[in-house]
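Q: Residue strings, one per chain:
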Amino acid sequence: MSPTTQNPDSEKKTYRAQAERAKTGETSEKKTYAAQAAKAHDKDAPGTAPVAGPVDKGARMVPLPSDGIVPERDLYSTPVLECRHLGIDFGGLHAVEDFNLIVGKTEIAGLIGPNGAGKTTVFNLLTKVYQPTRGTILLDGKDTSGMNTARLSREGVARTFQNIRLFSSMTVEENVTIGLHNAVPYGMWSGILRLPKYWVSEHKLHERAMELLDVFDMTGVANVEAGNLPYGAQRRLEIVRALATGPKLLLLDEPAAGMNPSETAELMENIRKIRDDFQIAVLLIEHDMDLVMGICEGIAVLNYGKIIAKGTPAEIQGNPQVIEAYLGSDATKEA
Amino acid sequence: MAKETTAAAVPTKDRLLKALTGNLGTYLIVVAFFVIIEAMIAGKSITSAFQGQLVPICVYVSAALSLNLVVGVSGELSLGHAGFMSVGAFSGAILSSVLMDAVPDPALRLLLCIITGGIFGAIFGAIVGVPVMRLSGDYLAIVTLAFGEIIKNLLNNLYVGHDAAGLHFSMTDTTSLGMTNGTVVVNGPQGAVGITKISTFVAGTLLVLFTLFVVLNLMKSRSGRAIMAVRDNKIAAEAVGINVTKYRLMAFVVAAALAGMAGALYAMNFSSVVPSRFDYNTSILILVYVVLGGIGSMRGSVIAAAILTVLPETLRFMADYRMLIYAVVLIAVMVLPNIPAVASLMEKVKEAMPWNKRTTAEEGGAQ
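Chains as they are written, first to last, in the working numbering: chain A, 1 to 335; chain B, 1 to 367.
If you're looking for bench data, these hints aren't it; they were derived computationally from the structure.
No incorrect hints appear here.
Pair ranges (Cβ atoms, derived): (1) A:R60 with B:P131: 53 to 61 angstroms; (2) A:P261 with B:I339: 39 to 47 angstroms; (3) A:R151 with B:I29: 40 to 48 angstroms; (4) A:H85 with B:K246: 31 to 39 angstroms; (5) A:D143 with B:R134: 22 to 30 angstroms; (6) B:P340 with A:G116: 41 to 49 angstroms.
Glycine is no exception: its CB is placed at the ideal position from the N, C-alpha and C atoms.
Please work from the sequences and hints to get the whole structure.
A: Here you go:
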């Protein structure tokens, strides 16, 4: 164990450090977790300012020339997500039109809007469940056109679903292990013939799954069938499974749906913790405004498939167009 | 924190134990069945009719296990499984005839035939699977059903012989094979003829154990989990980076290979095998074993296939009524577990079993 990670939180943070070390082939144990994480994340963009230390909360948002905003700390790294004029038609219906969004490397971003605005459709476009009719999606500066959902997961996009989609007949641990599918690969023959690689990989899978479950204090239910978990725990498990794929961008579709206020508060803490520990970007859809305004740094508001406003929580709260979208035009007049 | 670490550490040992004993039970059932039958044969307390059923039992158990990999683990309905068996049966029969002089040892020849049956099963599984895996549900069922019929009709018109010059194939008749002094192995609608019976009950039991080994180990591995993930939720599986087509195809091809092996063993048990032996009815019969044994339950497939293969023969003393009894048994097995009173009774019996008692006590202790 590294001498620089002796604080009580170090237990939980070491996982990511290990994972990154494995990825970059870095074997030195002497570097601090943060430096390793930063190094791993900036390896694609040499010469840019590295993120040092834990992310400062309430970062200043900086407008970009291309009509987007990112936290100041992410200004010098490639944005993890950049959508340019994204659009999809279902028959004659323009479900999403001219969607432009930039999400910074370690930003927690929010996508809000009234029911049927097209928020989940945007997520389905970002994960290529639907192929966009128009426009470009750049993931960490890389064009994603022609990729399918599985490929995009390998490129670093993980998501949860509005209606929970767990592998419900399998245990909690197996669900996470399936999330680690591409992180710890071994072939069919190793599995059938129980070659040494099987035992080594399965041991690694078990340990990593337990470390990931520990992020949400779920190691105690590792052997419970996923479908038997309470609703809130199922939502948390979906997040853990998404994290297991080692994403750069985590898409959360209504993570607080069906949770009570104390669970929501805990979830907010956890989302921040995930961002800080794993140094990833989070884009979330949520109707719970306390959560959105509490943790999101940049917010985009969608209505009828178009972005009607972008800005910080404070700006969005005071935006008359947003109020009109949610409450109707009469409310604006009266206000 | 400390409590959780121990809670996480204990199941590791437990899991290993459970994984071992869970699979071990199924292997033990097969071995126990083998030992009992061998003892009965030694004690001469077995009818010759039943003895003739032993290899077919092993064949159907293997076939049911492999179909369960498609239906239970991968969640796809395949109605052409007997087609893969016939591919294995005919390729095995041809090889057996060719190798008759080269490999005099019947056990080794049988092994080579079974392996060849498996390889050809896998090849046909891939040929059918690649286009078919674009479909799912009813469409997949229809296409696999059609495949079974196509294979049967192709084999009905296939003539194969071999002489000093090698193998000869024809789709018209035996004379067009153009052989001098050759042996006809496959003779159109008469099927594979002149097979030397080399299948044994020991070989059958080994094949069942091998099939169990492959299927159970595959299920408890990364690939198997990916296959089950696709079955449980295709969209979520894709979202965690699983190549859906690859894993559906993997299950399909492995199952086809295992069915081909079972088919080869089946052919080697008779002096001739006709293509119509592996028709639509056989596919459905295997599916019945899988469904009645419990979809996804390998142990269930073993038991159901064994009992339901024996049953029609055992009921022969009832003459005309035997198919009636057979049908009643099928209906009873389907209906009974869904009656609440019977279900709760079965649960109680399950809990009373010594191995289940131990795990519940441990779980209570851990909490």
